[in-house]
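> Okay, here's what each chain looks like letter by letter:
2 protein chains.
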Amino acid sequence: MARERSSDPQIVLLNGVPAQQVSPLDRALHFGDGLFETIACRGGVPRFLSLHLERLELGCTRLGIDPGNLDAIRSEVRALAGEVDSAIVKVLLSRGTALARGYGVTGREKATRITFRYAWPHETPSGSQDGVQVRTAAMRLGENPALAGLKHCNRLEQVLARREWTDPDISEALLFSSSGRLVSGTMSNVFIVAGSRLSTPRIDLCGVAGIMRRVVLHEAATAGVPVQEDVLTAEDLRSADELFLTNARIGIWPVRTLDGRRMPPGPITRRLQELIAPLLEEPADA
Amino acid sequence: MARERSSDPQIVLLNGVPAQQVSPLDRALHFGDGLFETIACRGGVPRFLSLHLERLELGCTRLGIDPGNLDAIRSEVRALAGEVDSAIVKVLLSRGTALARGYGVTGREKATRITFRYAWPHETPSGSQDGVQVRTAAMRLGENPALAGLKHCNRLEQVLARREWTDPDISEALLFSSSGRLVSGTMSNVFIVAGSRLSTPRIDLCGVAGIMRRVVLHEAATAGVPVQEDVLTAEDLRSADELFLTNARIGIWPVRTLDGRRMPPGPITRRLQELIAPLLEEPADA
Numbered sequence: 467m468a469r470e471r472s473s474d475p476q477i478v479l480l481n482g483v484p485a486q487q488v489s490p491l492d493r494a495l496h497f498g499d500g501l502f503e504t505i506a507c508r509g510g511v512p513r514f515l516s517l518h519l520e521r522l523e524l525g526c527t528r529l530g531i532d533p534g535n536l537d538a539i540r541s542e543v544r545a546l547a548g549e550v551d552s553a554i555v556k557v558l559l560s561r562g563t564a565l566a567r568g569y570g571v572t573g574r575e576k577a578t579r580i581t582f583r584y585a586w587p588h589e590t591p592s593g594s595q596d597g598v599q600v601r602t603a604a605m606r607l608g609e610n611p612a613l614a615g616l617k618h619c620n621r622l623e624q625v626l627a628r629r630e631w632t633d634p635d636i637s638e639a640l641l642f643s644s645s646g647r648l649v650s651g652t653m654s655n656v657f658i659v660a661g662s663r664l665s666t667p668r669i670d671l672c673g674v675a676g677i678m679r680r681v682v683l684h685e686a687a688t689a690g691v692p693v694q695e696d697v698l699t700a701e702d703l704r705s706a707d708e709l710f711l712t713n714a715r716i717g718i719w720p721v722r723t724l725d726g727r728r729m730p731p732g733p734i735t736r737r738l739q740e741l742i743a744p745l746l747e748e749p750a751d752a
Numbered sequence: 467m468a469r470e471r472s473s474d475p476q477i478v479l480l481n482g483v484p485a486q487q488v489s490p491l492d493r494a495l496h497f498g499d500g501l502f503e504t505i506a507c508r509g510g511v512p513r514f515l516s517l518h519l520e521r522l523e524l525g526c527t528r529l530g531i532d533p534g535n536l537d538a539i540r541s542e543v544r545a546l547a548g549e550v551d552s553a554i555v556k557v558l559l560s561r562g563t564a565l566a567r568g569y570g571v572t573g574r575e576k577a578t579r580i581t582f583r584y585a586w587p588h589e590t591p592s593g594s595q596d597g598v599q600v601r602t603a604a605m606r607l608g609e610n611p612a613l614a615g616l617k618h619c620n621r622l623e624q625v626l627a628r629r630e631w632t633d634p635d636i637s638e639a640l641l642f643s644s645s646g647r648l649v650s651g652t653m654s655n656v657f658i659v660a661g662s663r664l665s666t667p668r669i670d671l672c673g674v675a676g677i678m679r680r681v682v683l684h685e686a687a688t689a690g691v692p693v694q695e696d697v698l699t700a701e702d703l704r705s706a707d708e709l710f711l712t713n714a715r716i717g718i719w720p721v722r723t724l725d726g727r728r729m730p731p732g733p734i735t736r737r738l739q740e741l742i743a744p745l746l747e748e749p750a751d752a
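Same order as they appear, the protein sequences are chains A and B.
Under the working numbering, the first residue of the first sequence is numbered 467, with each subsequent residue one higher.
Under the working numbering, the first residue of the second sequence is numbered 467, with each subsequent residue one higher.
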């Protein structure tokens, strides 16, 4: 085995038991036939755990995967989070070991759960304060309503989009879909402010229904900030006054440059950052 | 471990060494970040091996995966094929163990090669003779030229399309893309005969550039049967006089019913079956 790296997980559990190996017949390996959740854990508590489990359960229903006992997943994530101050816990749930060759399923597959705990990444916290630099990806996302919204394991598009740049000063790339809709970043959702209008792309043709996206939509509505899910295009992006990214770990990142164009973080972005700040440091949902 | 099933592989090699386990950090498991080839082996010889390796190498180039030594793969497949009369050998080549969390690659990843040998499946050979029953899938494929043609490990669309039916008399489903183009079956390519015109969908927006598709295109052209790759629609499918499916293992399957409509195997389908028959039983390429 390769020597340990800081990016290696601290713990890997296979169906609840410490393990360093999985079956070469697992359908996630062959077909990306699975789902995952990446859960930020702070102060020993997993953040927005119920929302993560709700999305995982919905994904299982839509893909026809039996998730087994969700309470067991809940307990496992809590236990892993509770052992350290801060961590990232990733839960990968595959349809399980193949019971037949090929794409077909027998309906008797038993899901494989692999749970990883990683150290909270070392990084400068200036993204939230100063904003990040973002580019537009050349690659466009395929549109498939059957997969839209899910955090499934078919992620080659994101891998390829992330390979488009190597400049470490660029934090993220924004992606359009094949029909020209703005969708998201490679690992974040995007919000646009135009005048007093706050909006984020609909997740009906592609993209992931992000947990922090959902939190921001809810907090904005609760605080009386009008917000909507909409069909957005390159023109909406060009005419944006403010732009920000969301992700379960980072919360909100203002975008300070898009393809080199300067966009200083604006008042609506700052207001939303203030609204969600207490939720990020004091997990309400465990 | 579960008890052995007839569908279990006879042999699994991990980077050339017998193994029953892979790393839970493998990027194929997390993101479907890999490619595969499914090679029919007859008479102890892998069929169309050079074509399979050519497609694998092209896929590696397009995804930025270092395939390592292709001659080692060639030798391995030949050795596995040579030990038995008939078999299916699947080579799964992933980008390797993750060296960082997330989609980004470091460029230092070392590909993981997992090679499986399965028994040749027991099935009635009547598909080639009598034709098969086929349905149209409800799900449409997302379009992404960056992935089109490749036999990559992002196969949730095929898994979901295969889940649309359970009737064992239906052998395959035909899929359209999000913009309405006819693409392929879930595990086969499709050819249409209209009058004397033979055509198959272009593989420029989605779909897999199948090995048997390539063989049929070549053999037809060589024998003076006019054939073209084209943009085909539901209307082309409806007005087809003959329809057949291709796949590296099955060769050519005439379609005898499409969504219940009878389409007796026609003369051009039969002529192409005759043309490729010698290639299926006497592998020319090893």
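Any given hint could be a false lead.
The list makes no distinction among identical chains, and a pair is therefore deemed to hold if it is satisfied within one copy or across any two copies.
Said to hold, decoys possible - Cross-link-like lysine to any residue pairs, in silico, SDA-like; alpha carbons within 25 Å at most:
(1) K556 with A566
(2) K556 with L524
(3) K576 with P730
(4) K576 with R629
(5) K556 with G661
(6) K576 with P634
FYI, nobody ran anything at the bench for these hints, they're computed from the structure.
> Each hint should be assessed against the structure and marked as holding or not.
The hints, checked one at a time:
Taking the shortest alpha-carbon separations for K556 and A566, only the inter-copy value of 14 Å comes in at or below 25 Å, while the best intra-copy value is 28 Å. Taking the closest pair of Cα atoms, K556 and L524 come within 25 Å of each other only inside a single copy of the chain (17 Å); across copies the shortest separation is 32 Å, beyond that limit. Proximity of K576 to P730 under the C-alpha cut-off of 25 Å is found in neither arrangement, the shortest distances being 50 Å within a copy and 41 Å between copies. For the identical chains of this complex, K576 and R629 are inter-copy neighbours only, at 16 Å across copies versus 34 Å inside a copy, given an alpha-carbon limit of 25 Å.
Taking identical chains as interchangeable, the C-alpha atoms of K556 and G661 are never at most 25 Å apart, the minima being 38 Å within one chain and 56 Å between chains. Taking the shortest alpha-carbon separations for K576 and P634, only the inter-copy value of 22 Å comes in at or below 25 Å, while the best intra-copy value is 41 Å.
Violated hints, in rising order: 3 and 5; the structure is consistent with all others.
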